[in-house]
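Chains as they are written, first to last, in the numbering used here: chain D, 13 to 914; chain V, 3 to 127.
No lab work stands behind these hints, which were simulated from the structure alone. Ideal placement from N, C-alpha and C gives every residue a C-beta, glycine not left out. Please note that a few of the clues may not be correct.
In silico DSS-like pairs for lysine-lysine, Cα to Cα no more than 27 Å straight-line [to be verified]:
#, chain 1, residue 1, chain 2, residue 2
1, D, K685, D, K815
2, V, K96, D, K721
3, D, K685, V, K96
4, V, K97, D, K857
5, D, K721, V, K97
6, D, K721, V, K91
7, D, K685, V, K91
8, D, K672, D, K655
9, D, K815, D, K898
Anything over 10 Å on all C-beta distances counts as not near chain V; from chain D, calculated [what the hints assert, rightly or not]:
#, residue
10, Y690
11, R704
12, V775
Covered by chain D, according to a simulated footprint, are these stretches of chain V (three or more residues, beta-carbon under 8 Å) [what the hints assert, rightly or not]:
#, region
13, 47–54
14, 71–83
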Amino acid sequence: MTLLIIILYLVLLFIIANIAERLKSKGKFLFPPALIYGLSFTVFCTAWTYFGSIGIASRKGIEFLPIYLGPTLFMPLIAIVLLKIIRICKSQHITNIADFISSRYGKNSPIGTMVAVFFIIGVIPYIAIQLKAISSCFQLLSNASIATGNFFLWDTTLYITIALAVFIILYGLRNIDTTETHTGIMTAVAVESIVKLVAFVVAGIVICFYFFKAPGDIYHHPIIQESYSHLLQFSTNENGFSWFILLLLSGLAMILLPRQFQVAVVENIEEKHLLKAAWIFPLYLFLINIFVLPIALAGNIIFAQSPTDADFYLLNLPLFLHAKWLAVIVFVGGFSAATSMLIVETIALTNMVSNNIVLPLLFGQKIVNPNNKRLQQIIVDSRRIGVFVILLAAYIFEKLVAERFSLVSIGLISFAAVAQFAPAVILGIYWKQANLKAAFTGIFIGFACWFYMLIFPSLSSIHPIIESIVKEGLFHISILKPTAFLGLHNLDVLTHGVFWSLLLNTLSFVFVSINFSSSKQEEFQAKIFVDINADLQKDLYSLPWKGITLVKDIKLLINNFIGEERGQNLLDGYAKRYDIAIKNENDVADIRIVSFVERILGGVIGSASARLMISNVTKNEEISKDEVLNIVKESQQFIELNKELRKKTLELTKTSNELKNANELLKNMDEQKDEFLYTVTHELRTPLSSIRALSEILYDNPDLTEEEKEQFLATIVHETERLSHLISQVLRLEKFESGRQRLNFTSFDYHEMIKDALTPLQVLAAQKNCTVQVVKPNNELLFYGDRDMMNQVISNLVSNAIKFLDKENPSVAVRIYVENQEIITEIEDNGKGIEPDLTEKIFDKFFQAKNQTLKKPEGSGLGLAICKRIIELHQGKIWAVSELGKYAKFIFTLPLERIQEE
Amino acid sequence: MITKSKILIVDDDPYILLSLEFLFKKNGYEVLIARNGTECLDLVEKEHPVLILLDIMMADMDGFSICEKIKSTPNLADIKIVFLSAKSKDTDIKKGYDLGASLYVTKPFSTRELVKQVKTLTEVS
């Protein structure tokens, strides 16, 4: 009876798939593609969900949740990562995770093979569990109606397996190009997911609302309250970490399980469908999980006296309650769950095995020649055989080993296995430095830990050696115990194993990536993967081929693998789009065409094999990868260089400006020097003129009067003196100017110095009837400077003051006071003052006051200039203040604390 | 009676004036003295000397501008100008001649030469 229903159901699936495929060839869809895409994500919910969750819930309450919370909580992150992966896969024609990893790490074949093998090890048990679930269901249902022996059941599951294999071959392997989406299968899967949900929800409603009248009744039932109240609470913190691990695992599984990858990435038609899936899937998870806990508790209640396998409460409850129709519905739902998983997972695995194990083997060992006309047939046949082999392996596994493990634990171990590819995949798409050696190391270490810590402990009953290792650790070293590695012993086996395997995996991955270099091919691929979103020239995806590839060879390749008609269409389409002329057979093929063909082939046989195929038909080495990467690097360097150049240019301009300024300054100084020289010689000539003229007169006129002689001679003497004085002043000033003036710094009493300077001037002052007054503070004032120089300054200023006096009561006042760590000296006379606009000019060289009328003033005009220089050498300042006709005041400051100058 | 020729000596250095005054008085000239540009122009107007011994570096006006002024005044243009200056650059000398000077003498000068040249210049009148 049940069998009949199953057969009908299978036939229905076949029909749906068929219709969907037929419609697709006409461009229509049975259901909206976005909806199908979103629902297809639910292959995540397998028989485990259907039966296993209830089993866990009945024993541990809410502990069943994290596996579904994981995808729900991490959905946004998962979607982002998936989007990037989708883009990469679509552009590189990648159709499974093994090929993904192989391509990312330099189109390397061995790692692709290793990954495929590990996937098989990790996933076949999971497939086996689905088969077990189906057979258990059969058993339960049949017990209720017919008494049968094992033989019959054994046969039934086998036949179902065969039927599924046929289904897969018919609708899953239609096209040799694995990039083609499988509309028929996906539609069937979507239908199955609806069936799953509906069946579960119906069962839930019936159990909770008909048999118990209300879920509340379940929760408040005495049995629950007595013995199972702990199921309704969250346990303490030691569960926190295991919850975290479970969340992480289920999140990673969304990306890394072959069926999820197939459904989310390979079957994706439009990127925006991801958005729809992002909410459909969590909603589905929510709906399908609502009734898990109530049903589990209901089971606990009803079977309290006669314990049953909680995993199958969902079937047993309706049976117990004599609602066989409900049991059948549940079975159909469970069957859907199991088979949708089976179908998709097998397709994905077959893909992997074919492209990453079988074909490399065939081509590598030269068992098959790429030019073989029957190439396509060979490939398709190998895939068909692959389907049978995988399903058969699962079947055998189920019969032999599955008895030991519960549904859930195998599922979790599977999750843990695929999680080992997380560093290679996820770090691989975000970190260019991740390299091949790291992937090998990480995955290998991860799997080693996985095996040692998760599988090994369950094998202790096989052999005493295993048992002793499990109990005491490897080589009797207790910190190497598979369940308490490095002393971490509070964790349950799964959490412990996952933690260590992922940790060591990731650490070794990162370590090797940082400390070892990648090959050029790896770097190239890394750039493509990580920068997929960048606006690269979309067609430069393959390492260009330097060699010569003839058009006829390329055509042959593509025809062999894809078929003549399709191959030709593809080539023509590409050539038209990019305006490339397909030349004659014997011409060299355009590089873009070669790259295109390589990508197409990658979709058929995997990227590593595709590369191999192309290199076989290309004569000469490919462009040294150095050259190509150099081109890429060069353009980067170009940008860097440009920046450098611009910076240097700016600096250069600055320097050149500075040089120009310095030059100007030097020229000015040169001119100034000339000016100075000229002015000095001019000044010297004047007295010299008088001396000469008068000397000549004296010589030519012996009959001068005594008076005249006296006058002339006196003048000569006087001018000679003036000349000498002038020369010495000039020399002194020049010494100051050139910095050669040696200063003799000592500590002396400032007031004493003033007194010394003024003493010789008393005579002059007396002559003019001038009073000289000194105002100073009483205490000694020590000053560190050149005493003689300062003496000259005072002397000069005071004598000037005396000379310019013109009043009735001429007076000169000298005032000294200390303020702000400076000595301030003022010399004031009540003479005729200085014109306002000349108060600065008077300190210039050779300046002499202009409004003289009768007599040219004494002096060289250099006195004040020299004073200024002296004051400046003492780091002071000097200036003049005056009111015309009233007074003139010279002020200078001398800092007491001088900065030492070397 | 031979009228003494009038020459004007313009310089701000008193000692130069001393020597030049004696020199030309001794040689039979009537000597007028000016110590600055203003005095000079004043005397030029009033006395109309035949020749001016003109210093260049002076306080209020320099000799060049005085020369220019005189040479551009129609009734004074015939007065001969002799520059007597410590400024000895080629450019100065050229400028002097361009402005219409009859002679440019640099200081220090030879008294004998100077007298000879002035005599030559004032003979032809």
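Hint check results:
| no. | hint | result |
| --- | --- | --- |
| 1 | D:K685 <-> D:K815 | violated (31 Å) |
| 2 | V:K96 <-> D:K721 | violated (38 Å) |
| 3 | D:K685 <-> V:K96 | holds (23 Å) |
| 4 | V:K97 <-> D:K857 | holds (26 Å) |
| 5 | D:K721 <-> V:K97 | violated (38 Å) |
| 6 | D:K721 <-> V:K91 | violated (34 Å) |
| 7 | D:K685 <-> V:K91 | holds (16 Å) |
| 8 | D:K672 <-> D:K655 | holds (26 Å) |
| 9 | D:K815 <-> D:K898 | holds (15 Å) |
| 10 | Y690 | violated (7 Å) |
| 11 | R704 | violated (4 Å) |
| 12 | V775 | holds (24 Å) |
| 13 | 47–54 | violated (count 0) |
| 14 | 71–83 | violated (count 0) |
Of the hints listed earlier, those the structure fails to meet are numbers 1, 2, 5, 6, 10, 11, 13, 14, in rising order.
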